[in-house]
Amino acid sequence: MSTLSDNRLHADPEIERFEPSARVDRALQTAEQAKRATTIYERSVPGRRAFTPPAAGVPERPLDELLPARLRRAEGPKLPEIAEPEIVRHYVRLSTRNFHLDEGFYPLGSCTMKHNPKLHERVAALPGYARLHPLSDPRRAQGALQLMHELQGALAEIAGLPHVSLQPSAGSHGELLGVLLTRAYHEDRGQHRTKVLTPDTAHGTNPATVTMAGYEVVKVETAPDGGVDIDDLRAKADEDVACLMLTNPNTLGVFDRNISEIASIVHGVGATLYYDGANLNAVVGVSRPGDMGFDIVHFNLHKTFTQPHGGGGPGSGPIAVSDRMEPYLPRPQVVRRDDGSYDLDHDRPKSIGRLRGFQGNFGTFVRSYAYIRSLGAEGLKEMSETAVLNANYLLALLKRRGVAEYLPVAYDRLCMHEFVLSGAPAKRQLGVKTLDIAKRLLDHGVHPPTVYFPLLVDEALLVEPTETETKETLDHFADVVAALLEEAERDPDIARNAPYTTPVRRLDEAGAAKRPVIRQPL
Amino acid sequence: MAEASYPEDLLYHPEHDWARIEGDVATFGVTWYAQDQLGEVVFFEPPAVGASVSKDAPYAEVESVKAVSDVFAPLSGEIVEVNEALSDTPETINDDPYGEGWMVKVRLSEEAEKESLMDQAAYTSSLQ
Amino acid sequence: MSRYTSATDADRTAMLEAIGVSSVDELFADIPAELRLGRDLDLPAGLSEQEVYTLLRDIAARNVSAEEEVSFLGAGMYDHYVPALVESIILRSEFLTPYTPYQPEVSQGSLQVMFEYQTAISELTGLPVSNASVYEGPSAVGAAGYVAKLANRRTRFVASRALHPHARETLETMSHGYGTSVTEVPLRDGATDVEALREAVDEDTAAVFVQQPNFLGAVEDLEAIAPVAKETGALLVVHCDPLPLALLKTPGECGADIAVGEGQSLGNRLDFGGPSFGFFAATEALLRRMPGRISGETVDVDGRRGFVLTLQTREQHIRREKATSNICTAQALNALAGVIYLSWLGRRGIVELAELMIQRTAYARERLAGLEGVRLVHEQPVVREFAVALDAPVERVIDRCFAEGVNPGFPLVHDYPEIENGLLVAITEQRTREDIDRLAGVLGAAVRESRTTPSPLAMASVDGERAD
Numbered sequence: 001m002s003t004l005s006d007n008r009l010h011a012d013p014e015i016e017r018f019e020p021s022a023r024v025d026r027a028l029q030t031a032e033q034a035k036r037a038t039t040i041y042e043r044s045v046p047g048r049r050a051f052t053p054p055a056a057g058v059p060e061r062p063l064d065e066l067l068p069a070r071l072r073r074a075e076g077p078k079l080p081e082i083a084e085p086e087i088v089r090h091y092v093r094l095s096t097r098n099f100h101l102d103e104g105f106y107p108l109g110s111c112t113m114k115h116n117p118k119l120h121e122r123v124a125a126l127p128g129y130a131r132l133h134p135l136s137d138p139r140r141a142q143g144a145l146q147l148m149h150e151l152q153g154a155l156a157e158i159a160g161l162p163h164v165s166l167q168p169s170a171g172s173h174g175e176l177l178g179v180l181l182t183r184a185y186h187e188d189r190g191q192h193r194t195k196v197l198t199p200d201t202a203h204g205t206n207p208a209t210v211t212m213a214g215y216e217v218v219k220v221e222t223a224p225d226g227g228v229d230i231d232d233l234r235a236k237a238d239e240d241v242a243c244l245m246l247t248n249p250n251t252l253g254v255f256d257r258n259i260s261e262i263a264s265i266v267h268g269v270g271a272t273l274y275y276d277g278a279n280l281n282a283v284v285g286v287s288r289p290g291d292m293g294f295d296i297v298h299f300n301l302h303k304t305f306t307q308p309h310g311g312g313g314p315g316s317g318p319i320a321v322s323d324r325m326e327p328y329l330p331r332p333q334v335v336r337r338d339d340g341s342y343d344l345d346h347d348r349p350k351s352i353g354r355l356r357g358f359q360g361n362f363g364t365f366v367r368s369y370a371y372i373r374s375l376g377a378e379g380l381k382e383m384s385e386t387a388v389l390n391a392n393y394l395l396a397l398l399k400r401r402g403v404a405e406y407l408p409v410a411y412d413r414l415c416m417h418e419f420v421l422s423g424a425p426a427k428r429q430l431g432v433k434t435l436d437i438a439k440r441l442l443d444h445g446v447h448p449p450t451v452y453f454p455l456l457v458d459e460a461l462l463v464e465p466t467e468t469e470t471k472e473t474l475d476h477f478a479d480v481v482a483a484l485l486e487e488a489e490r491d492p493d494i495a496r497n498a499p500y501t502t503p504v505r506r507l508d509e510a511g512a513a514k515r516p517v518i519r520q521p522l
Numbered sequence: 001m002a003e004a005s006y007p008e009d010l011l012y013h014p015e016h017d018w019a020r021i022e023g024d025v026a027t028f029g030v031t032w033y034a035q036d037q038l039g040e041v042v043f044f045e046p047p048a049v050g051a052s053v054s055k056d057a058p059y060a061e062v063e064s065v066k067a068v069s070d071v072f073a074p075l076s077g078e079i080v081e082v083n084e085a086l087s088d089t090p091e092t093i094n095d096d097p098y099g100e101g102w103m104v105k106v107r108l109s110e111e112a113e114k115e116s117l118m119d120q121a122a123y124t125s126s127l128q
Numbered sequence: 001m002s003r004y005t006s007a008t009d010a011d012r013t014a015m016l017e018a019i020g021v022s023s024v025d026e027l028f029a030d031i032p033a034e035l036r037l038g039r040d041l042d043l044p045a046g047l048s049e050q051e052v053y054t055l056l057r058d059i060a061a062r063n064v065s066a067e068e069e070v071s072f073l074g075a076g077m078y079d080h081y082v083p084a085l086v087e088s089i090i091l092r093s094e095f096l097t098p099y100t101p102y103q104p105e106v107s108q109g110s111l112q113v114m115f116e117y118q119t120a121i122s123e124l125t126g127l128p129v130s131n132a133s134v135y136e137g138p139s140a141v142g143a144a145g146y147v148a149k150l151a152n153r154r155t156r157f158v159a160s161r162a163l164h165p166h167a168r169e170t171l172e173t174m175s176h177g178y179g180t181s182v183t184e185v186p187l188r189d190g191a192t193d194v195e196a197l198r199e200a201v202d203e204d205t206a207a208v209f210v211q212q213p214n215f216l217g218a219v220e221d222l223e224a225i226a227p228v229a230k231e232t233g234a235l236l237v238v239h240c241d242p243l244p245l246a247l248l249k250t251p252g253e254c255g256a257d258i259a260v261g262e263g264q265s266l267g268n269r270l271d272f273g274g275p276s277f278g279f280f281a282a283t284e285a286l287l288r289r290m291p292g293r294i295s296g297e298t299v300d301v302d303g304r305r306g307f308v309l310t311l312q313t314r315e316q317h318i319r320r321e322k323a324t325s326n327i328c329t330a331q332a333l334n335a336l337a338g339v340i341y342l343s344w345l346g347r348r349g350i351v352e353l354a355e356l357m358i359q360r361t362a363y364a365r366e367r368l369a370g371l372e373g374v375r376l377v378h379e380q381p382v383v384r385e386f387a388v389a390l391d392a393p394v395e396r397v398i399d400r401c402f403a404e405g406v407n408p409g410f411p412l413v414h415d416y417p418e419i420e421n422g423l424l425v426a427i428t429e430q431r432t433r434e435d436i437d438r439l440a441g442v443l444g445a446a447v448r449e450s451r452t453t454p455s456p457l458a459m460a461s462v463d464g465e466r467a468d
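Sequences listed follow chains A, B and C, in order.
For the first sequence, the residue numbers in this note's numbering are 1 to 522.
For the second sequence, the residue numbers in this note's numbering are 1 to 128.
For the third sequence, the residue numbers in this note's numbering are 1 to 468.
No wet-lab data here; the hints were simulated from the structure.
A few of these clues could be false.
Straight-line C-alpha distance at most 30 Å; calculated DSS-like pairs for lysine-lysine [to be verified]: (1) 230(C) with 78(A); (2) 236(A) with 195(A); (3) 195(A) with 55(B); (4) 381(A) with 118(A); (5) 105(B) with 514(A); (6) 514(A) with 78(A); (7) 35(A) with 78(A); (8) 322(C) with 236(A); (9) 350(A) with 195(A); (10) 249(C) with 230(C); (11) 249(C) with 78(A); (12) 322(C) with 195(A); (13) 105(B) with 55(B); (14) 427(A) with 381(A); (15) 322(C) with 514(A); (16) 105(B) with 322(C); (17) 55(B) with 322(C); (18) 322(C) with 219(A); (19) 236(A) with 55(B); (20) 55(B) with 219(A).
Based on the provided sequences and hints, a complete structural model is requested.
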């Protein structure tokens, strides 16, 4: 199911049998470890409160008259009873149990964890944006519409495709939009294709999106050099294929040199070519997906354009499309009228409709727009060049003796903004898995790289430093990895039982899945 | 079950499933190799009694924390009994894959199919 | 070197040497020459932080926000007061900048917040299973449809006409992909026509969708709707407004299988429509079909209480083409704002807030109904929003109100043309009695004047149609 071949038994490489510690030395635990996790409900005391409503100020009528008792709940929701100082303490204390980007390095492949400029929160909070209702009359939202229109233009220039929709709320939402546009395109030509091709290195959102859009997933194999296997693509690309979804550079961190030929094969059977923009940070200002032959591109504003990750969102997944896909774009589109004013155009007869309310995650547009205006043409190109430089430099550092034998790079060629190492030799020779390496890295104050993705590489570690890291940070990371492996040579058990210094140690995930407790019993 | 084991009295399927045939009813489960690969099983929902299974086709799913795998039918037939206990204690599949970890009992429809299965020797050598 | 990167010339030289190339350009050797852009991006040059700030400030000044007018505009997002502690917490680096908690040992802050949020949503909706957020309201409705379709494999949806127009349209758009059709059920007196619903539901109905309170502000009789909706085995999905749930019988209690909704009014700004969050709650039976991330309680090797992302086998990164949804990044930070806000409102506060809104809404409704040329669209119970019909072109009336510094509400003409010159008026705790009296005065005058003379802001309306 969740593997290279649908029929293969899929090994769960990550989780070992959970073994509680034989002995716990409470004297040796950190201060943070000694604190018991207490929920806000457990801090509640009946009668305490933060909010008190203002007086109604209007003549009050009996509630039963306004809302008959049979429509009312007998008991209100059991929310916390707690005043402001304790609410603040609770969440501030919780916050210290998080590692975060402002604190340290996050070489998470495919995530582009680059610095979040502090200016962005200031501009996003301007009341002209923050207190603007989405259903405002467009004449009274000219600033917002102008910002969106200019952002659209910038994204179009970066993608090399002229038409942009800012509506999708995340990358996978953009993917869904892209595949639905493809469906509309084919149906408009009287064609009912049933398949979408994705490489076996694709991020899980790609096949999940394909099914949600009503298509069947067909996997295309990867060639030894890491690119798409052209022969396999040719064999599978027929007139029942609606689309091929690709990332370029791909999830192995390599640029597919055959992209023009791939585009030609796909277009040759009348299918569309979709670009998953997760890896766009490698090529901005250097090469454009539109020029590579893609029809639809999605951007991850929370990756390339530094919308803060927030622990899991918000993000934004706008798309750029070619002329032939334009008629199907969702409603409304932000347009500029002849008189120079900005407007929301609902008059789109071939539009697929909408995928969410209102216009999209506008707050993320403000931040991304500020970023693009800050960097400018030159800065954007420098962003990608430095991202690729940093990745290649870190890769060179990790090819040193003491590391390369245990964590060899999976595809030994120039990488782009990220690269994949395989922990298979470390597992075989040292008995230390990628999972253990990741957990031991936590003790060193760095977030581990992405682990066990892509599936194609055994014991994968996908490393993406991004352009905002200094050379010293990269040097330090390489030193830490080397030290960790050296330690594992001496005593593999240390990494196998790591981490030791984090607020909690390894958790019983199997227990959490077998007997899910997903809310506080109240 | 800590040590690898492959009972002699069972027949084996290449997708790591076993069959114990008693008359015209067979019991199915997954092998030691399968449960070792899967890691700790956290979820198994048995299929419905009365459903039919086809040789080489999946008839259920087994889940560990970070993976989902299909369970394949070594032989064809109709399900006559399922191991409901696995809903509460799926880890039995790890602890006792050939005993309490049995998954379904099937009334066979095509006895001749068993010729295509492997015996213990063939299966264990296929694992090398 | 921008202000966000640090590679000096010396750094660059050292790094290129370590890599074994002589220029950065060589690192892009895999990109064929014909695919190299070969020119600068056609974008303006970069600006200093100060210049960017000034630019963004000037652009913002071209908007008329709720700062500058007394606004009764609702229709899915509401101008509530967001207390200062929300931003002081969510702007902390520790909550703003971390990644998704895939390494739980260093993410206990985020994971525990999700657990607390899930608990709060369960309390509001009366359903035991909640995820850690989805994008927003209308797409949550579409996601619920996908869950229903996968659960019972049926192909029809039945949706009330009083489901938010954006939710209805999103459901239709997504349905076209995963293969279901949407049948609309009309209204009677501003609420879903239960008899028409009974006719519409059949053996092939996967799910029935209603909204509570509905788009026209009316409180639906969910206890009457539920048995009719579920008679043939369809799932009942309720798209709900969270604050009124402080008073209303919960969707769970009424027999809903899934409750979804827009979370913006819980501690999130208007932000021209996003980011906010959607909530998604369901019955125990649907636990393994839930979309999105879910945080679960557990212990670590030393016995410490902790939290992890759980039941991940539902999700795209594991189940891929058979996942319950394609959702990956959601709205974690906005959900955090939500749970902080709900904690701030508190057990008594949320009820009192809802009661305050209901009283002020009743007062506003009475005042407007008493105006000449204004009548109520329906007399169903309402909590925080209601619809009126005007004897004058609604868009003209609205323009006149704008000129007086009042935004009277959402024109219903495009979405509900059967209501003559309809206007949807929303009340929040920020709208005082004085504001309401002012609305009544301004609206009354605007209706009077609009019956005879053209609007002072004589421009075509958004879609090129004159509101004549």
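Here is what the structure says about each hint:
Proximity of residue 230(C) to residue 78(A) is assessed by CA-CA distance (about 29 Å); at most 30 Å being required, the pair is judged to hold. Restraint check: the Cα-Cα separation between residue 236(A) and residue 195(A) comes to about 10 Å, which is no more than 30 Å; the hinted pair holds. Simply put, residue 195(A) and residue 55(B) have alpha-carbon atoms about 27 Å apart, close enough for the 30 Å limit, and the pair holds. Restraint check for residue 381(A) and residue 118(A): satisfied, since their Cα atoms lie roughly 21 Å apart, inside the 30 Å limit.
Proximity of residue 105(B) to residue 514(A) is assessed by CA-CA distance (about 24 Å); at most 30 Å being required, the pair is judged to hold. With a C-alpha separation of about 27 Å, the suggested pair residue 514(A) and residue 78(A) falls inside the 30 Å cut-off, and the hint holds. A hinted pair counts as satisfied when its Cα atoms are at most 30 Å apart, and residue 35(A) with residue 78(A) qualifies at roughly 25 Å. Only pairs whose Cα atoms come within 30 Å are accepted, and residue 322(C) paired with residue 236(A) is accepted, the gap being roughly 21 Å.
For the hint pairing residue 350(A) with residue 195(A), the CA-to-CA distance comes to about 23 Å; that is within 30 Å, so the pair holds. Using a Cα cut-off of 30 Å, the hinted pair residue 249(C) and residue 230(C) holds, with the two alpha carbons roughly 18 Å apart. Between residue 249(C) and residue 78(A), the direct Cα distance comes to roughly 14 Å. Compliance with the 30 Å bound is thereby established for this hinted pair. For a cut-off of 30 Å, the pair hint linking residue 322(C) to residue 195(A) stands: about 15 Å separates their Cα positions.
A distance of roughly 14 Å separates the Cα atoms of residue 105(B) and residue 55(B); the hinted pair therefore holds under the 30 Å criterion. Of the supplied pair hints, the one linking residue 427(A) and residue 381(A) is violated, its CA atoms being roughly 39 Å apart against a limit of 30 Å. Between residue 322(C) and residue 514(A) the alpha-carbon distance is near 20 Å, which keeps this suggested pair within the 30 Å criterion. The hinted pair formed by residue 105(B) and residue 322(C) meets the criterion: a straight-line CA distance of about 27 Å does not exceed 30 Å.
With a C-alpha separation of about 23 Å, the suggested pair residue 55(B) and residue 322(C) falls inside the 30 Å cut-off, and the hint holds. Pair hint residue 322(C) plus residue 219(A) holds up; C-alpha atoms about 14 Å apart against a cutoff of 30 Å. Distance restraint check for residue 236(A) and residue 55(B): the Cα-Cα separation of roughly 27 Å lies within the 30 Å cut-off, and the hinted pair is therefore satisfied. For the proposed pair residue 55(B) and residue 219(A), the alpha carbon gap of about 25 Å is at most 30 Å, so the pair holds.
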